[in-house]
Amino acid sequence: MNDAPNPSAAEAAASERTPEAIENERLTNDIVKALKTVYDPEIPADIYELGLIYRVDISNGGLVEIDMTLTAPGCPVAGEMPLWVKNAVSAVPGVSEVKVNMVFDPPWDQSRMSDDARLALDMW
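Each number in the working numbering comes from the position in the sequence shown (counting from 1) with 407 added on.
Hints are computed from structural coordinates only; laboratory data are not their basis.
Owing to the predicted nature of the structure, the values given are computational and were not obtained by experimental measurement.
There could be a bad hint or two in this list.
For lysine to any residue, the following SDA-like pairs were computed, each having C-alpha atoms within a straight-line distance of at most 20 Å [as the list claims (entries may be wrong)]: (1) K493 with L470; (2) K493 with P480; (3) K506 with D523; (4) K440 with I465; (5) K440 with D512; (6) K506 with A485; (7) K506 with N467; (8) K443 with E504; (9) K506 with R462; (10) K493 with Y446; (11) K506 with L434; (12) K440 with D523; (13) K440 with V463; (14) K440 with E423; (15) K440 with E472; (16) K443 with E472; (17) K440 with P480.
If you anchor each label on the Cβ, the simulated ranges turn out as follows [what the hints assert, rightly or not]: (18) P513 with V484: 19 to 25 Å; (19) N431 with Q517: 14 to 20 Å; (20) D529 with S497: 17 to 23 Å; (21) A479 with R433: 33 to 39 Å.
Just so you know, even glycine gets a beta-carbon here, dropped at the ideal spot from N, CA and C.
Could you build the full structure based on these sequences and the hints that come with them?
Set out below in structure tokens:
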């Protein structure tokens with residue numbers, strides 16, 4: 408009889424992950440944490456929870472490309488917020504360069520907000 412525990416599927420998958428995959432996961436988590444430090448000054452929720460970040464792409468060498476939007480095209484901080492995002496993500500160890508693309512298609516709407524943002528804004 409074999410008394411050795413059977414590894415779960417998650418444990419087996421984790422043991423097969425490459426160092427690159429592990430580093431990419433760490434980098435992704437750290438980038439999300441950095442994005443959560445950026446707030447629209449008129450809204451008490453961070454831009455990640457608001458759903459303003461549409462895409463984060465990490466390439467070899469630490470190049471990060473981000474597609475983001477605003478709650479409205481006429482947002483008073485439209486010219487500044489991409490720089491805030493770039494600065495926050497640039498501070499993440501392992502990031503070599505950050506490119507932020509402002510996009511308005513698809514347009515942002517409240518359905519993109521997380522439950523945490525809805526709670527902060529009392530929008531249930």
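Outcome of the hint check:
no., hint, result
1, K493 with L470, "holds, 12 Å"
2, K493 with P480, "holds, 19 Å"
3, K506 with D523, "violated, 27 Å"
4, K440 with I465, "holds, 15 Å"
5, K440 with D512, "violated, 25 Å"
6, K506 with A485, "holds, 16 Å"
7, K506 with N467, "holds, 14 Å"
8, K443 with E504, "holds, 19 Å"
9, K506 with R462, "holds, 12 Å"
10, K493 with Y446, "holds, 13 Å"
11, K506 with L434, "holds, 16 Å"
12, K440 with D523, "holds, 15 Å"
13, K440 with V463, "holds, 13 Å"
14, K440 with E423, "violated, 26 Å"
15, K440 with E472, "holds, 16 Å"
16, K443 with E472, "holds, 16 Å"
17, K440 with P480, "violated, 25 Å"
18, P513 with V484: 19 to 25 Å, "holds, 21 Å"
19, N431 with Q517: 14 to 20 Å, "violated, 31 Å"
20, D529 with S497: 17 to 23 Å, "violated, 33 Å"
21, A479 with R433: 33 to 39 Å, "holds, 34 Å"
When each numbered hint is compared with the structure, violations occur for hints 3, 5, 14, 17, 19, 20.
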